[in-house]
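Q: In this note's numbering, the protein residues as written are 306 to 748.
Any given hint could turn out to be false.
[To be verified] Derived CB-CB ranges, DEER-like: (1) V557 x P388: 39 to 45 Å; (2) N468 x W514: 44 to 50 Å; (3) Q729 x H574: 54 to 60 Å; (4) F521 x I714: 49 to 55 Å; (5) K732 x S603: 33 to 39 Å; (6) N468 x Y567: 42 to 48 Å; (7) W514 x V557: 17 to 23 Å; (8) E509 x F650: 38 to 44 Å; (9) T382 x G481: 21 to 27 Å; (10) F650 x S451: 47 to 53 Å; (11) W514 x T646: 34 to 40 Å.
[To be verified] Listed next, the in silico DSS-like pairs over lysine-lysine satisfying Cα-Cα at most 25 Å (straight line): (12) K416 x K479; (13) K732 x K720; (14) K437 x K501; (15) K506 x K708; (16) K479 x K354; (17) K389 x K506.
Please keep in mind that the hints were generated in silico from the structure rather than gathered at the bench. Backbone N, C-alpha and C define an ideal beta-carbon position, used for all residues, glycine too.
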Amino acid sequence: MKNFILFLSSILLTGVVNAQDSLTVFYRIRLDQDIDKAAQRLVVTGLEKAAENDADYVILDLDTYGGAVDAADSIRTALLRYPKPVIAYVNLQAASAGALISIACDSIYMKTGSSIGAATVVDQSGKVMPDKYQSFMRGMMRSTASATGRDPHIAESMVDTANVLSLTPEEAVKVGYCEGIYEDEVEVAEAVSGDKEFVIKNMEDDMTWVDRLIQFLLNPLLQSIFMMMIIGGIFVEIRTPGIGLPLVTAIVGALLYFAPGYVGHLAEHWEILMFVVGLILIGLEIFVIPGFGVCGISGIVIVVISLALAMVDNVEFHRWDGTFSLEPVLMPLGIVILSATAAIFGSVWLVRKLYTTKTFDHIALRQEMKASEGFTGVVSGLETLVGETVEVFTDMRPSGKVKTSDGRILEATLKFGGFASKGQPLKVLSAEQGRLYCDFISA
């Protein structure tokens, strides 16, 4: 009896395993946004989750008018390297960078009324870019079409600035750029799986709150705001030294700017390290080194460059061939400079606006203190200290505080520059506007 039960159990388990083996799993990734860093992370993460779910096919549900070429190139590379078949389902539009992404898939299916093509490279205002950009895009379209077994000349025609090519579903079927016209993903899955049973899993169901938060923070508009927080906070902190709200704003902006890219593998360690080094140099200029010179300017330049490089796809650096080109960096650098300009002007306007509000009256003293009422803005009677010896009370670089023989603590400056340590004796040379001007005592 015991042997019979074991035999029956083995038959049932074998049936379950065979049923699971016969089930075709499709994994759907919905891409209905501009092609940018957020879209890049969405597709790459989706492919990883598809592999975790052991999906037989990936359906990339496309509806996009295009976007950044570097992000599209990264998505293209990820699709070409994915070991399982990837199906592009053009739900409505696969224009520009969307066309490149579609061609990188193993098969293309389209919905009635959709289109694919129009991959001419344009700037953010819609102006056609110079021919060298078009040449790069044409080469990428040709190589992608060849890699997926399609006519490279048709792909190249989609970049033609004179007669740009866009294909309807019927036209795409005729030239081999579409395997079929279906109204939804279920019909596509039925056509691909044949007689086998299938299930469609959605990436949205596998996304955690962390994934959704990262996608939200990678929004280009939010990234620009974070950039303005960083630069505006640093600018105000330089103008009004001291650890306060501007510095906290800059730190929060930096965390929100770099953290999503780092967690999403879009920002490298060295880019964040560059930013930190730039902040350290700026901090040294504010709190340690007097004036504002090479250290501070170097820090600002490094911060700006690190912010720009964090926007550049790291694929550009990984495949470096020994030559250097500024082209991948020019647009991010322009965005950083524009954001910096907006942040500086915005900070100046905000400070002035805040100063005129009634709320500011509670945190700032506006009352006029007249000399006739006994108030004075500077310490008087310092002329009597000329020729006297004073002791350095705080390190002078070259300004600081000194202690007089009668115990008073006064502002002082080394007249001829230099540094003086606490406890060192100095000679008072002159006194002007409440400040002593001193020099070292000759041996």
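Q: Hint by hint, note whether the structure agrees.
A: How the hints compare with the structure:
In this structure the hint that V557 and P388 lie 39 to 45 Å apart at CB holds, the actual value being about 41 Å. Here the CB-CB span from N468 to W514 is close to 48 Å, well matched to the stated 44 to 50 Å. For the pair Q729 and H574, the supplied restraint of 54 to 60 Å is violated, since their beta-carbon distance comes to about 43 Å. For the pair F521 and I714, the beta carbons lie near 52 Å from each other, so the given range of 49 to 55 Å is met.
The given range of 33 to 39 Å is respected by K732 and S603, whose C-beta atoms sit roughly 36 Å from each other. Roughly 44 Å separates the CB atoms of N468 and Y567, a value that falls within the hinted 42 to 48 Å. At roughly 20 Å, the beta-carbon separation of W514 and V557 lies within the given 17 to 23 Å, and the hint holds. Between E509 and F650 the C-beta distance comes to about 40 Å, which sits within the given range of 38 to 44 Å.
Taking 21 to 27 Å as the suggested C-beta distance range, the pair T382 and G481 conforms, at roughly 23 Å. For the hinted restraint 47 to 53 Å between F650 and S451, the CB-CB distance of approximately 49 Å keeps it satisfied. Under the hint 34 to 40 Å, the C-beta atoms of W514 and T646, about 35 Å apart, fit the expected range. Proximity of K416 to K479 is assessed by CA-CA distance (about 15 Å); at most 25 Å being required, the pair is judged to hold.
For the hint pairing K732 with K720, the CA-to-CA distance comes to about 11 Å; that is within 25 Å, so the pair holds. The suggested pairing of K437 with K501 is violated, with an alpha-carbon distance near 48 Å, which exceeds 25 Å. A threshold of 25 Å between alpha carbons decides the hint, and for K506 with K708 the separation of about 76 Å lies outside it, so the pair is violated. Between the alpha carbons of K479 and K354 the distance comes to roughly 34 Å, so the proposed pair goes past 25 Å and is violated.
Pair hint K389 plus K506 holds up; C-alpha atoms about 15 Å apart against a cutoff of 25 Å.
Going through the hint list in order, the structure does not satisfy hints 3, 14, 15 and 16.
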